[in-house]
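Chains as they are written, first to last, in the working numbering: chain A, 695 to 1092; chain B, 695 to 1092.
Some hints could be false.
Restraint ranges, calculated between C-beta atoms of paired labels, are given here [to be verified]:
{"no.": "1", "chain 1": "B", "residue 1": "Gly810", "chain 2": "A", "residue 2": "Lys854", "range": "41 to 49 angstroms"}
{"no.": "2", "chain 1": "A", "residue 1": "Cys889", "chain 2": "B", "residue 2": "Glu848", "range": "51 to 59 angstroms"}
{"no.": "3", "chain 1": "A", "residue 1": "Glu809", "chain 2": "B", "residue 2": "Arg855", "range": "24 to 32 angstroms"}
{"no.": "4", "chain 1": "B", "residue 1": "Gly810", "chain 2": "A", "residue 2": "Glu1004", "range": "39 to 47 angstroms"}
{"no.": "5", "chain 1": "B", "residue 1": "Ile1035", "chain 2": "A", "residue 2": "Thr766", "range": "50 to 58 angstroms"}
{"no.": "6", "chain 1": "A", "residue 1": "Val738", "chain 2": "B", "residue 2": "Ile1035", "range": "24 to 32 angstroms"}
Calculated directly from the structure, the hints in this document are not laboratory data.
Backbone N, C-alpha and C define an ideal beta-carbon position, used for all residues, glycine too.
2 protein chains.
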Amino acid sequence: MDYFFSDRISGLKPSAIREILKYGSDPKMIGFSAGNPAPESFPVSEMKEISAEIFDTMASSALQYGITEGYTPLREKVKSRLITKFNSVSEDDEVIITSGGQQGLELACKVLCNEGDTVLCEDPSFIGALNAFRSYNVNLVGVKTDSEGIIISELEAALKREKKVRFLYTIPTFHNPTGKTLSLERRRAIYELACKYNIIILEDNPYGELRFKGKDVPTLKSMDKEGRVIYCGSFSKILSAGIRLGFVSANKALVSKMTVAKQVSDVHTNQFFQILADKYLEKYDLDAHIAKIRELYLKKATLMRNGLLESSKDILDKVNYTDPEGGLFMWAELPKGFDVIKLSQNLLARCVAIVPGVAFAADPSLPVSAFRLNYSTPSDEQIVNGTRIVVEEIAKLL
Amino acid sequence: MDYFFSDRISGLKPSAIREILKYGSDPKMIGFSAGNPAPESFPVSEMKEISAEIFDTMASSALQYGITEGYTPLREKVKSRLITKFNSVSEDDEVIITSGGQQGLELACKVLCNEGDTVLCEDPSFIGALNAFRSYNVNLVGVKTDSEGIIISELEAALKREKKVRFLYTIPTFHNPTGKTLSLERRRAIYELACKYNIIILEDNPYGELRFKGKDVPTLKSMDKEGRVIYCGSFSKILSAGIRLGFVSANKALVSKMTVAKQVSDVHTNQFFQILADKYLEKYDLDAHIAKIRELYLKKATLMRNGLLESSKDILDKVNYTDPEGGLFMWAELPKGFDVIKLSQNLLARCVAIVPGVAFAADPSLPVSAFRLNYSTPSDEQIVNGTRIVVEEIAKLL
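Turn these sequences into a full structure, and let the hints guide you.
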């Protein structure tokens, strides 16, 4: 039969990153294209121990249906941690456990937007979020960014210009794909504009724990006096990505609607690993574990940046690499008109995978002369060899 | 701030069952209201053993991001099993792993329906599915059922009457909430009507493996020559509900769109338990395990039905209990106008929880003089005592 598909899904293409990730799983390939945490970031022996304990002492609840909001002891611990680390739970807030950070973004859009309503985002931004919003047929509008992140005057112009703006999606800390961190001043300005134009801020902070240099900047949620910030976090980069464990902190009324939406989506998040995460937080020192991940990523990020800069000596006037203070990503910017698609094809032929910047564009019909590099997944040796190859191929096309 | 919520979510109430389930977790309560599998249905020691093996031999892939379609070896095994047991994968079909059976239903609606399009369902039907469809603002239309299930002439009348009918949602085997199984003749008639009116059938079969008496009836999917049946299944009732593991078998084109929708929803299903399920299927005899669950549920269903019939001797002209051949549920029908809400309140006061039939109605504004009983969760003693109390309270209100 000929199929009819909904408008919301007809235009949605499989994520370009996911397609490129297929190359990343090829062991011969140097995978700068992934967004995977380093395997060393999983506390395997601790998780194994807790897992055996759960099977021995509470299997029948860990394998049974749970409540949609999430395993209560884990919600309490996440709440405490969010208060201590990010000041991101206020008195009228509630925490819900989600199936990865991704689900928080999708649920937020589902409950906040009718089709045709406007969502603002940084341009470029995380493709998984953009596609989640597109899947609800919203009017997705990118706001221009500069070397420091979202440009405040552009944000206000969009707020004035666009109709029915429901929320701004932002990754203020260790941005994906650029690795940039937004200054305190710009964060304050964003919050003020959100109040002035009465919109919600969807603050995505999956990398916030991974600062390896510089100083923490307060979250947007920490400035929130009006319950207008929905804060999304994740265990993917600090415990395990494959277990799909994330969380949302937001005003009770918002969490209540997101809970209803989650109930019809997957009833609840994997109960066994909710309990496992809870016991991990109880028995082990997550901060000590994170300190090791930070050290590892500092090393890898430094290796990548130095490799890039060194090989780029002769073209440094034409290429710019961001200098992330945390997270997983670096962003390479090239002169306008540079053919990044051609570059990525040439690199694939030499067994190096990158993600062309257009994959992160709010409007993918416009060219983007930049690409994303990930340093958490490849080995040190791959970083050294891969950066050299990347720059060689850039130079050929300049 | 005052929140704006999308139309699709504004009208959606938390599931009445979930609310009633809160009582179910009270240990003093006799919980006939749940939909939980018996804890004995979880192969705990086998799962523990496999879990340790995964941590020892393949932790870094089990805890890492996976692909949206699901863990390939598991998809292959599910496919083989679906072919052998239910003849429900054809040549042009593909299998995708979902985060519980629920996610398959939600994704199907998301990709098939624009807002305002029509979805047909049996009336009554599974509340989780109905709410998933409602959350996409569809025109949800219930089709009348009789003692054998959906009435074919009513289905055709709805197909003639309603506009933009995209699919029929049906649970033909061990229906939730009624426990009824649709005859082969009616299944054939449904498939013919689907062809005639060019609609998709969304066949939900989470209980299909749990037949404890009578003979298997072919699935609708097994009749499918045109790729118009989307078949949803689940590991919840045969392995574990808490791990949220389900699957969909459908034409490649449909699965491809559902994969895009799943990607933006939760990226992929918990990777660790996908691998665990795969290894369980490889190392153990799932059929032997299911045989034990069937025996258990036959015992519990018989105990419940006998308890109800015995206590109801004096009112058997006024009450009817279905006689399920498998699954988890029994359905009690009472004379028109009987106050089931009052009954369920009176029962709660006596520490027995049931689910009023109205919770499963396509149109919850109409009264339903029936209620659902679950026999998989309560202990044998609770079944004996609980059924006596249920009938005592029915008699008082007759």
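Results for each hint:
no. : hint                                      : result
1   : B:Gly810 to A:Lys854: 41 to 49 angstroms  : violated (32 angstroms)
2   : A:Cys889 to B:Glu848: 51 to 59 angstroms  : holds (54 angstroms)
3   : A:Glu809 to B:Arg855: 24 to 32 angstroms  : holds (26 angstroms)
4   : B:Gly810 to A:Glu1004: 39 to 47 angstroms : violated (59 angstroms)
5   : B:Ile1035 to A:Thr766: 50 to 58 angstroms : violated (29 angstroms)
6   : A:Val738 to B:Ile1035: 24 to 32 angstroms : violated (52 angstroms)
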